[in-house]
Amino acid sequence: MTTLFDTARRRNWALSAFLSKWMEIGIVPVLILIALYLPFAYFAIPEASVLHMSLFGINLIGQIMCFALLALALDLVWGYAGMLSLGHGIFFGIGGYLMAIYLLNGAYAETRVLPDFIQYMGTGGFPAVWKIFSRLDVTVAITIVFTALVAGAFGFVTFRSRINGVYLSIITQALTYALMLLLFINDVGLGGNNGMTGFTSIAGHRIADVSTQIGLAVGSCLLLVIAYVGARYLVRSSLGRALVAVRDDEARMRFLGYRTYTLKLIAWCLSAVIAALAGMLYVPQVGIVNPTIVSPQLSVEIAVWVAIGGRGTLIGAIAGAILVNGLKFWLTSQLPEVWPFVLAGVTLVIVVAFGNGVWGSLKAAGEEANR
Amino acid sequence: MMKGRWLLQAVLCWLVAGTSAGAWASASHTALLAAFCASDSNKSVALERIVDAGVSDTARDQAWARQIVDAIRNSALVCDTGGGATIKGAQPLDADTLKAVASPAASDSPYVPSIVMMRKLAVASAELDLFSAQRDTRVAAATQIDKFFGLLDPEIVSQAIKHERDPDVASLLTLAMAKRGLGSSDRVERLAAIKAVAEVPSETARTTLANFVAQDSARSDPQVLAAAQGAIKHIDTALSFGHAFSILFSGLSYAGVLLLTALGLSIVFGLMGVINLAHGEFIMIGAYSTYLVERFVQAHMPAYFDAYIFVAIPVAFLISAVCGMLLEFFVIRFLYRRPLETLLATWAVSIALIKLVQVLFGSQNVEFVTPGFLNGGMQVSPGFFVTYNRVFAIVLALLIFLATFAVVRLTKLGLLMRATTQLRDMARCLGVAAERVDRLAFGLGAGLAGLAGVVLTQIASVNPSMGTGFVVDSFMVVVLGGAGSLLGTVVSSLALGEINQFIEPFYGAVAAKVAVLLLIVLIIQKRPQGLFALKTRV
Numbered sequence: 001m002t003t004l005f006d007t008a009r010r011r012n013w014a015l016s017a018f019l020s021k022w023m024e025i026g027i028v029p030v031l032i033l034i035a036l037y038l039p040f041a042y043f044a045i046p047e048a049s050v051l052h053m054s055l056f057g058i059n060l061i062g063q064i065m066c067f068a069l070l071a072l073a074l075d076l077v078w079g080y081a082g083m084l085s086l087g088h089g090i091f092f093g094i095g096g097y098l099m100a101i102y103l104l105n106g107a108y109a110e111t112r113v114l115p116d117f118i119q120y121m122g123t124g125g126f127p128a129v130w131k132i133f134s135r136l137d138v139t140v141a142i143t144i145v146f147t148a149l150v151a152g153a154f155g156f157v158t159f160r161s162r163i164n165g166v167y168l169s170i171i172t173q174a175l176t177y178a179l180m181l182l183l184f185i186n187d188v189g190l191g192g193n194n195g196m197t198g199f200t201s202i203a204g205h206r207i208a209d210v211s212t213q214i215g216l217a218v219g220s221c222l223l224l225v226i227a228y229v230g231a232r233y234l235v236r237s238s239l240g241r242a243l244v245a246v247r248d249d250e251a252r253m254r255f256l257g258y259r260t261y262t263l264k265l266i267a268w269c270l271s272a273v274i275a276a277l278a279g280m281l282y283v284p285q286v287g288i289v290n291p292t293i294v295s296p297q298l299s300v301e302i303a304v305w306v307a308i309g310g311r312g313t314l315i316g317a318i319a320g321a322i323l324v325n326g327l328k329f330w331l332t333s334q335l336p337e338v339w340p341f342v343l344a345g346v347t348l349v350i351v352v353a354f355g356n357g358v359w360g361s362l363k364a365a366g367e368e369a370n371r
Numbered sequence: 001m002m003k004g005r006w007l008l009q010a011v012l013c014w015l016v017a018g019t020s021a022g023a024w025a026s027a028s029h030t031a032l033l034a035a036f037c038a039s040d041s042n043k044s045v046a047l048e049r050i051v052d053a054g055v056s057d058t059a060r061d062q063a064w065a066r067q068i069v070d071a072i073r074n075s076a077l078v079c080d081t082g083g084g085a086t087i088k089g090a091q092p093l094d095a096d097t098l099k100a101v102a103s104p105a106a107s108d109s110p111y112v113p114s115i116v117m118m119r120k121l122a123v124a125s126a127e128l129d130l131f132s133a134q135r136d137t138r139v140a141a142a143t144q145i146d147k148f149f150g151l152l153d154p155e156i157v158s159q160a161i162k163h164e165r166d167p168d169v170a171s172l173l174t175l176a177m178a179k180r181g182l183g184s185s186d187r188v189e190r191l192a193a194i195k196a197v198a199e200v201p202s203e204t205a206r207t208t209l210a211n212f213v214a215q216d217s218a219r220s221d222p223q224v225l226a227a228a229q230g231a232i233k234h235i236d237t238a239l240s241f242g243h244a245f246s247i248l249f250s251g252l253s254y255a256g257v258l259l260l261t262a263l264g265l266s267i268v269f270g271l272m273g274v275i276n277l278a279h280g281e282f283i284m285i286g287a288y289s290t291y292l293v294e295r296f297v298q299a300h301m302p303a304y305f306d307a308y309i310f311v312a313i314p315v316a317f318l319i320s321a322v323c324g325m326l327l328e329f330f331v332i333r334f335l336y337r338r339p340l341e342t343l344l345a346t347w348a349v350s351i352a353l354i355k356l357v358q359v360l361f362g363s364q365n366v367e368f369v370t371p372g373f374l375n376g377g378m379q380v381s382p383g384f385f386v387t388y389n390r391v392f393a394i395v396l397a398l399l400i401f402l403a404t405f406a407v408v409r410l411t412k413l414g415l416l417m418r419a420t421t422q423l424r425d426m427a428r429c430l431g432v433a434a435e436r437v438d439r440l441a442f443g444l445g446a447g448l449a450g451l452a453g454v455v456l457t458q459i460a461s462v463n464p465s466m467g468t469g470f471v472v473d474s475f476m477v478v479v480l481g482g483a484g485s486l487l488g489t490v491v492s493s494l495a496l497g498e499i500n501q502f503i504e505p506f507y508g509a510v511a512a513k514v515a516v517l518l519l520i521v522l523i524i525q526k527r528p529q530g531l532f533a534l535k536t537r538v
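Chains A and B are the protein sequences, given in the same order.
Mapping the first sequence onto the numbering used here, position 245 (from 1) lands on 245, and the numbers just tick up by one.
Mapping the second sequence onto the numbering used here, position 299 (from 1) lands on 299, and the numbers just tick up by one.
Hints were generated in silico from the structure; no laboratory data involved.
Using N, Cα and C, we set each Cβ at its ideal position, and we do this for glycine too.
Check each hint, because a few of them may be wrong.
Stated by the list, open to error - Just the calculated beta-carbon pair ranges, DEER-fashion:
| # | chain 1 | residue 1 | chain 2 | residue 2 | range |
| --- | --- | --- | --- | --- | --- |
| 1 | B | F405 | A | F341 | 34 to 44 Å |
| 2 | A | A353 | B | V311 | 35 to 45 Å |
| 3 | B | G469 | A | G125 | 30 to 40 Å |
| 4 | B | V311 | A | F341 | 28 to 38 Å |
Stated by the list, open to error - One-sided excerpt, in silico: chain B residues whose CB lies under 10 Å from chain A:
| # | residue |
| --- | --- |
| 5 | V200 |
| 6 | G273 |
| 7 | F296 |
| 8 | R338 |
| 9 | L353 |
| 10 | A483 |
| 11 | L522 |
Said to hold, decoys possible - Far from chain B, by Cβ distances over 10 Å, these chain A residues were calculated:
| # | residue |
| --- | --- |
| 12 | R112 |
| 13 | A251 |
| 14 | T292 |
| 15 | V358 |
Use the sequences and the hints to build the structure in full.
Printed below as a string of C-alpha cells:
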C-alpha cells in the first residue's frame with residue numbers, strides 16, 4: 001500500500017535502520033535529558049545564549065509533553081487494540097476538571113474569596129463536595145479511580161455488545177460532543193463557558209513561580225517516560241500480544257476461548273487513566289480549564305497526531321504529537337490563517353500515501369534494510 | 001352541501017342587515033346629521049346611528065357614512081344654525097348630499113371632538129372598515145376595536161363576526177366582544193362572554209380570563225368564577241394540544257433535514273463502510289451554493305427573485321455532488337480497506353473546507369432573503385402556528401426522499417448499488433464496475449447533503465461551521481437506523497428529530513442530545529447493527 005516507499009525500501013537506508021533499532025530504547029534517555037535540561041537552560045545558561053530557554057518555551061514543552069501522553073494513551077487502544085476512540089478528550093477533561101477543582105480548593109483556602117462563577121450563580125458557599133479534593137494525593141487517587149470507573153462502564157456496555165470499528169468512533173465522538181455541551185451550561189456548576197481559573201498554588205508551591213512551572217514541565221516529561229516504559233512493557237507482554245491478535249481478528253480470538261472484551265476493557269481503562277493524568281498535568285500549566293478541552297475537535301486531533309506519527313508503535317504517537325503541536329505553536333504565531341490547511345494537507349498525505357505514519361514507514365524501511 | 005351553506009349564510013346576512021337597516025331605514029341622512037348637530041344631543045349615540053347607516057347594504061350609504069365619520073375625526077364638520085351641516089375643505093361640501101356648496105359662515109365653528117370622542121370615532125371608523133374587502137384592512141380594524149373594546153357597538157360587531165370569513169379576524173372580534181361583556185355588571189351577559197371566550201382559545205384569551213378571575217368583581221360571584229375557571233381549563237387543554245402539534249411539526253421539519261443528511265451518509269456507509277466526517281461540509285456547500293444563486297438572481301433577474309430557491313435545488317445538488325465525487329476520486333478510493341483512516345482523512349478535508357469558506361465568505365452568518373411565498377404562516381389551531389418555510393422543508397425532504405427511493409429501487413444505478421452493498425466481490429465478478437458505482441453513490445450522497453443545505457437556508461442560520469453540529473446527529477441516525485437501510489434512515493431520523501424537539505423545550509438542548517445518545521447506546525446493546533440492519537454477506 002505504501003507505494004511511495006517502495007523505492008526507498010529497496011535501498012539500504014542505514015539511518016532508518018539505526019532509528020528503528022535504537023530509538024525505541026533511545027527515546028527514554030532523550031526524554032530524561034530534555035527533562036534535566038529544562039531547569040539548567042533557564043537558570044544556568046545566560047539569556048544571551050541560544051541554548052537559553054524562556055519560561056514561555058519551557059511551559060510550551062510541558063504542554064506538548066502532556067499532548068504526547070495523550071497520544072500515547074490513544075495509541076494503546078487504537079494501535080494495539082484497534083479501537084479508534086474519538087473521545088479521549090473526555091478522559092483528558094475529567095483529569096483537567098478534577099485538577100482544577102483541587103486547585104480552586106487551594107485558592108479558596110488561601111484567599112477566602114469564592115471563585116467568580118460560584119459567586120455569580122449565588123448558590124452560597126464553596127461546594128461541600130469539592131472539599132474532598134483538598135489534597136493533591138487524594139485528588140490524584142480519586143481521579144484515577146473515577147476515570148477507570150467511567151471508562152469501565154462505557155467499555156463494558158460497548159465492548160460486550162461488540163460495538164467496534166467505525167461505530168465505536170462515532171459513539172465516542174457523540175459522547176464527547178454531548179459532554180462539551182453539558183460543560184457549557186452554567187448550572188452544571190463547573191464554570192460554564194468561561195471555565196475555571198484563578199489558581200494560586202499546587203501542593204504548597206505558588207503556581208506563578210518559575211520553579212513550579214519548570215517543575216510541572218519536568219514532571220510531564222518524566223511521566224511521559226514512565227508511561228512509555230510501562231506501555232512498552234505492556235504491549236510486549238502476553239496481554240499486549242493478545243490485544244494485537246484481537247485487533248487483527250477478534251472473532252478468531254473469541255473462538256479460541258479468549259474473553260476479548262475483558263482484554264479490550266483493560267487496555268481501554270489503562271489508556272483512559274493515562275489520558276486523565278495528562279489532563280491533570282496540563283491544567284496547572286495553562287492555568288485554566290474550559291469546555292474546549294472536551295471539544296470533538298481536540299479528540300480527533302489526538303487521532304491525527306497518532307496517525308501522522310504512526311500508530312501501533314508508541315514512539316510514533318509521541319513523535320507525532322510533538323511534531324504536530326510544535327508545528328502548530330510555531331505556525332499559529334506566524335501564519336494563523338495557514339495552519340488548518342497545513343494540518344489538513346499533512347494529514348491527507350500521511351493517511352493516503354503513508355498508511356503507517358512517519359515512524360511506521362521509517363521502521364518498515366529500516367526492517368527491510370536490516371534483512 | 002356547500003351550496004346549501006352558502007345559501008343559508010346569504011339569507012342570514014340579509015336578515016341581519018335587513019333588521020338593522022329596518023330599524024333605521026326611516027332615518028335619512030338629514031335626520032342623522034340633525035341628531036348629531038343638535039346642541040343637546042348625545043353625540044356618541046348619534047355617531048352610532050351614522051355608523052349603523054354606514055354598514056347597511058347600499059354603497060351610497062357606506063360612502064356617505066365614511067366621509068362623515070372622517071370629517072368629524074378631522075374636525076371638519078360644521079353644523080350651521082339651520083340644522084344643516086357642511087364639510088370644510090378646499091371644496092366645501094354639503095354634508096347631507098355631498099354636493100359642492102359655498103363656504104359656511106364664519107360664525108359657525110366646526111365640531112371639535114374630545115379625547116373620549118376621538119376614541120369613539122376611531123372605533124367607529126374601524127367598525128366601518130370591518131366590512132372592507134381587504135383582509136389587511138379588516139385585521140387592522142379588528143385590532144383597533146380590540147384595543148378599545150369598551151367602546152364598540154355590539155350589534156355592528158356581531159354582524160361583522162357573522163360576515164367574517166377569516167378565522168383570525170373573527171376570533172379577534174369575538175374576544176373584543178367578550179372582553180366588553182366581562183366588564184358588564186349583568187351576570188347573564190358575563191356568563192355569555194365567558195362562554196364566547198372559551199370558544200376562541202388562544203394565549204390572549206387565556207390572559208384575558210386570568211386577569212378577569214383575579215378581579216374582585218369576578219371573585220364575588222361564585223357562579224361566574226366557576227364558569228371562568230372552567231373556561232380557562234378548557235382553553236389550557238386546547239392550547240396544550242396546539243403546543244404538542246407545533247412541537248411535532250418543528251420536529252418533523254428537523255427530521256426532514258436530518259433525513260436528507262443521513263440518507264447520503266447511510267448509502268455511502270452501507271456501500272463502502274466509509275464514514276465521511278466531511279459530510280456536514282457538503283451541507284454547508286449546498287447552503288453557500290444557494291447563497292450564490294440568490295445573489296445571482298437578485299443581480300440579474302430581480303423579477304424572478306422568489307424563484308431562486310427552485311433554481312438553487314439543482315445547482316446545489318450538482319455542486320455538492322461534484323465536490324463529493326472529487327473527494328472520492330482523490331482521497332477515499334485509496335482508503336477502502338481502512339475505514340478508520342478514512343475518518344481522519346475526511347476530517348482533514350472538512351477543516352480545510354471550513355477554513356476555505358471562512359476565507360472566501362467570512363465567518364459570520366450569511367443573510368438570506370426568504371422568498372415571498374415562504375414568508376409567514378398560518379394558524380391551524382390555537383397555539384399551533386404553521387410557518388411556510390418549515391412546510392417547505394418537510395415537503396421538499398419528502399419529495400427528495402421519494403426520488404432517492406426511486407433511484408435506489410428502480411434505476412439500474414440503484415440495482416448496481418444494492419448489489420455492491422450486499423456482496424461486493426460477487427458483484428464485481430458479475431461485471432459490476434464497483435469503483436464507478438462507489439463514485440456515483442458518493443456523489444449522490446454528497447448531493448443529498450447539499451439539498452439539506454438548501455432546506456437549511458430557510459430555517460437555520462448559514463455559516464462556515466453549520467455542518468459540524470448537524471453531522472453528529474446524522475451519524476446517530478445512521479447508527480440507530482442501520483447502515484444502508486433507507487427505511488431505517490427514515491424511521492430513525494423521524495424518531496431522533498421528534499425526540500430532540502420534544503425534550504428540548506422542557507430540559508434544554510443538551511439534555512435532548514444526551515438522552516438521544518443514551519437511548520442509542522441502549523438500543524444498540526440489543527441490535528448492534530442498527531434497528532433495520534441489512535442482510536449483507538461481507
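Is the Cβ of V358 (chain A) farther than 10 Å from every Cβ of chain B? holds, 14 Å
Under the criterion of a CB-CB separation shorter than 10 Å, is L353 (chain B) in contact with chain A as hinted? OK, holds: L353 (chain B) within 10 Å of chain A, min 9 Å.
Is 30 to 40 Å respected by the C-beta to C-beta distance linking G469 (chain B) and G125 (chain A)? holds, 37 Å
Should the hint that A483 (chain B) touches chain A count as held when the rule is a Cβ pair under 10 Å? At 9 Å from the nearest chain A Cβ, A483 (chain B) passes the 10 Å test, so the hint holds.
Return the status of the interface hint for V200 (chain B): holds when the least beta-carbon distance to chain A is below 10 Å, violated otherwise. violated, 39 Å
A cut-off of 10 Å on Cβ-Cβ distance, and T292 (chain A) was said to be off the interface with chain B. Does that hold? Label holds. Min Cβ-Cβ 14 Å, cutoff 10 Å.
Is 28 to 38 Å right for how far apart the beta carbons of V311 (chain B) and F341 (chain A) are? Cβ of V311 (chain B) to Cβ of F341 (chain A): about 32 Å, so the range 28 to 38 Å holds.
Consistency of the no-contact label for R112 (chain A), given chain B and a CB cut of 10 Å: holds, 33 Å
Non-interface claim for A251 (chain A) versus chain B (Cβ beyond 10 Å): holds, 13 Å
Has the hinted range 35 to 45 Å been met by the Cβ atoms of A353 (chain A) and V311 (chain B)? holds, 40 Å
Range hint 34 to 44 Å (beta carbons of F405 (chain B) and F341 (chain A)) holds or violated: Given a distance of about 39 Å, which is inside 34 to 44 Å, the answer is holds.
Tell me if L522 (chain B) is really an interface residue toward chain A, meaning its C-beta lies closer than 10 Å to one of theirs. Where the cut-off is 10 Å and the nearest Cβ of chain A is about 8 Å from L522 (chain B), the hint holds.
Checked against the numbered hints above, the structure violates hints 5 and 7; every other hint is satisfied.
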